[in-house]
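Here is what each chain is made of, one letter per residue.
There are 2 protein chains.
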Amino acid sequence: MNRYEKVFSTIESCEDAIVDYAVNLVRFPTTSGNEKGAQAYVKTIMTDLAFDPIDMWEPDIEKMHNHPAFISKRKDFKGSPNVVGILRGTGGGKSLILNSHIDIVPEGDPDQWHYPPFGGIVENGVIYGRGISDMKGTKAAIFGAIQALRKANIRVKGDITVQSVIEEETGSAGTLACALKGYQADAAIIPEPSGFKICPAQQGSSWFRIHVRGKSAHAGQRYLGVNAITKSTRVLTAIKTFEDHINKEYTSFLYKNVPIPFAINIGNIKGGEWPSTVPEHVVIEGRMGVPPGLSLNDAWEMFERWIKTETANETWLAENQPTVEWFGAHWGPAQIDPNHAIVKTATEAYSKVCETSPKIAGTPWATDGRILTEFADTPALVFGPGTSAHCPDEFMKIKDLICYAKILAAIIIDWCETDAL
Amino acid sequence: MNRYEKVFSTIESCEDAIVDYAVNLVRFPTTSGNEKGAQAYVKTIMTDLAFDPIDMWEPDIEKMHNHPAFISKRKDFKGSPNVVGILRGTGGGKSLILNSHIDIVPEGDPDQWHYPPFGGIVENGVIYGRGISDMKGTKAAIFGAIQALRKANIRVKGDITVQSVIEEETGSAGTLACALKGYQADAAIIPEPSGFKICPAQQGSSWFRIHVRGKSAHAGQRYLGVNAITKSTRVLTAIKTFEDHINKEYTSFLYKNVPIPFAINIGNIKGGEWPSTVPEHVVIEGRMGVPPGLSLNDAWEMFERWIKTETANETWLAENQPTVEWFGAHWGPAQIDPNHAIVKTATEAYSKVCETSPKIAGTPWATDGRILTEFADTPALVFGPGTSAHCPDEFMKIKDLICYAKILAAIIIDWCETDAL
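Respectively, the protein sequence lines represent chains A and B. Mapping to the numbering used here: the first sequence position 233 is 233, numbers consecutive. Mapping to the numbering used here: the second sequence position 323 is 323, numbers consecutive.
It should be emphasised that the hints constitute simulated quantities derived from the structure, not laboratory data. Everything numeric in this text was worked out from a predicted model, so none of it was measured. Yeah, the Cβ is synthetic: ideal placement off N, Cα and C, and Gly gets one too. Mixed in with the good hints, there may be bad ones.
What the hints assert, rightly or not - Under 7 Å between C-beta atoms, here's a sample of chain B residues computed to sit facing chain A: (1) V105; (2) Q112; (3) W207; (4) S216; (5) Y223; (6) N227; (7) T233; (8) P259; (9) I260; (10) E273; (11) P279.
What the hints assert, rightly or not - Chain A is nowhere near these chain B residues, computed Cβ spacing over 12 Å in every case: (12) H67; (13) G92; (14) P116; (15) V122; (16) R305.
Use the sequences and the hints to build the structure in full.
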């Protein structure tokens, strides 16, 4: 039995531990500001697995404000610690960062769930819950792989750094804090749910807020006013045609066969305040995907110009132009060389476990990988199991987690290197 | 100088008092639940003008719950008194109710106002402020007319009852409380801002709430979800075609030349909660106009069926039907005989003051008149100056108030009767 077979079989025997990690993590409702308990739990896992040092700290927002990639609406990160643990290698070998965020998006309408969002229910080999796929399941798989390597007595040369970070969903402040503390490595894996696709490119994204103005009047004489909700449907149409445009102009082999490579989502709408009054103001918020190769600034400028042009053929909107704000979170696109050694290592590890070739692609969303690639001198590859995220009944198959833990173990063995057998 | 000329000239000399009443009333921000101070002020005016009795009471919600016309979201009416004052006539003659509400709709976005909504600013002969037109200006005109009749030593035979009521904007509970206390008369005038049109008919209206469902997903893969905001635009279209339909089916000479006699307003919309998540739920609220001659129940049933039919040609909506609720306020339509004596009296009074014939029409909105007509045995006519309501820079021209006070005085003289000169 070679090293790989040994660790793979050990991972299979660790299945209960991996599921336990995953289920326990899901039961912490770690929306922004509520990560502390889960991170304390992560620290205990690291302690059990002999990580040393383990660094748990609340990032100092004052020290981050001036960084060009800093984004946050928070006043401070009190109660929201990062946890970084290092497993020192035996010396030599390449180092690796395994980065996963602990924060989750809100669970949405509980009525749309068949499982309690924070119940950590396991049924027919599937774990359900907010964050299981994005990305607590793979955090469990990371620890499963490391536990199995220990049990199989396989030590590697390079250092392994595990980062459990806050604030990914709101702009990457947690990973930025890691970068600013000096954490780096020869490569990083971001196990976001790419459906086992190996992603050297990740699209950027930016939140927008559009204000549409109307003119109020009494409902019964609505013809004396201008309905901002009705007018906003033209803006929705303009957003759609911009999405068509950007996907025609920016194409990449990494996004072939994707229905909408660079999607624009209308995330929420709010307007009017009284059923019997013609509404004078609508706010639309959403998320624009930004193709690798297009800067955020250029994307912003193109979008603003498009909305202006596409609504200018309507008299009221031409005179009362919708305004665009870029608020809250934005993430630039990023990519590493598709021929980078970490891509090759991940590809081979996948093939070893799955006995087939993986797909090489770009992500449909931004990740913390950009911060590592651009600001921590650590080329980051996005690669993880699962596909569901930000939806009711978010789930992860246990067999995919076990498979992914095996692939991670193989990546660690190959990238960080062991002594020859 | 005859009685009319005498009271008209007295009203002109009372202009400052009328403007004072109006400005003071506007300065009370009497949204639902906040009427107490303004009503206390109304009571002092009534006391000064020798109304007796004056009845100021907080309606007992327990006694109203079972009435078919009762609507309110409030738990009680603490802090929200009605005020009713009676000026006893000398005996004989016909009695008259003058009914105006003290509550206002919210002021909306203050940035859309050039004048402070509760400032009671007077500029170039115009009073600005929330509620001046709907309907504090005419409350001032009522008291102006009565003050002038006193000063001119004109006493009438019939009783005059002035009702200053709460909760008109939210369903007529204030006027219903007056009806349940037994207040009634031979006719009533509701001085809502009909633009000096004399309105024997008033349309009903009803608030609706429509839920549109989607399916959430991550923004970057929005094609895996169903966007409830995008789907809701089909519902907006269906509402518009229903408005077209109802205005084609229900016509009346009282609504000729009105751009949209029975308007349906989309009042507010709210959906989604996160820019990066495909929204799974949208709520649309609005107000449907109900033509006189159509019952509320029939209107509800027609609307619901229309929304269902018009969205059923879209696969998702056919399987996830939007649901309609009738929440909050609704007012049935109402009408009195266009040949009723009060219509004739008001028409003659208008002609006496304005030296031209008034327009006879139907209102674009519901009023408390329905409660008086249907539940207080008091045929109610809607007739008042001004047209602006529920909008920024709501205004009333002082000359229109003075003109209206004169018409009211003439109506009182003719309807309640004086002894022959």
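With chain A as the partner, please determine if B:Q112 meets the hint condition of a C-beta pair closer than 7 Å.
holds, 6 Å
(message) Does B:P116 clear chain A by more than 12 Å, comparing its Cβ with all Cβ atoms of that chain?
(response) holds, 17 Å
**Prompt:** Checking the smallest CB distance to chain A, is B:G92 really beyond 12 Å?
**Reply:** holds, 39 Å
Self-check item: Supplied contact hint for B:N227, tested at 7 Å Cβ to chain A
Solution: holds, 6 Å
>> Using the nearest Cβ pair, does B:W207 come within less than 7 Å of chain A?
In response: Holds, because the Cβ-Cβ distance from B:W207 to chain A comes to roughly 4 Å (cut-off 7 Å).
Margin query: Given B:Y223 as an interface hint, is its Cβ closer than 7 Å to any Cβ of chain A?
Written below: It holds, given that the least Cβ distance between B:Y223 and chain A is near 4 Å, below 7 Å.
*asked:* Tell me if the interface restraint on B:V105 is satisfied: Cβ within less than 7 Å of some Cβ in chain A.
replied: holds, 6 Å
Hint check, B:E273 versus chain A [nearest Cβ-Cβ separation less than 7 Å]: Status holds, d = 6 Å.
| message | Would the hint on B:S216 be counted as holding, given a Cβ-Cβ threshold of 7 Å to chain A? | response | Cβ of B:S216 sits 5 Å from chain A, so the hint holds.
Item to complete: With a cut-off of 7 Å on the beta carbons, see whether B:P279 makes it to chain A.
Response: OK, holds: B:P279 within 7 Å of chain A, min 6 Å.
message: For the restraint on B:I260, tell me whether the closest CB of chain A is nearer than 7 Å.
response: Where the cut-off is 7 Å and the nearest Cβ of chain A is about 5 Å from B:I260, the hint holds.
- Message: So B:R305 supposedly isn't at the interface. Is its beta-carbon more than 12 Å from every beta-carbon in chain A?
- Response: holds, 21 Å
Consistency note: the structure conflicts with none of the earlier hints.
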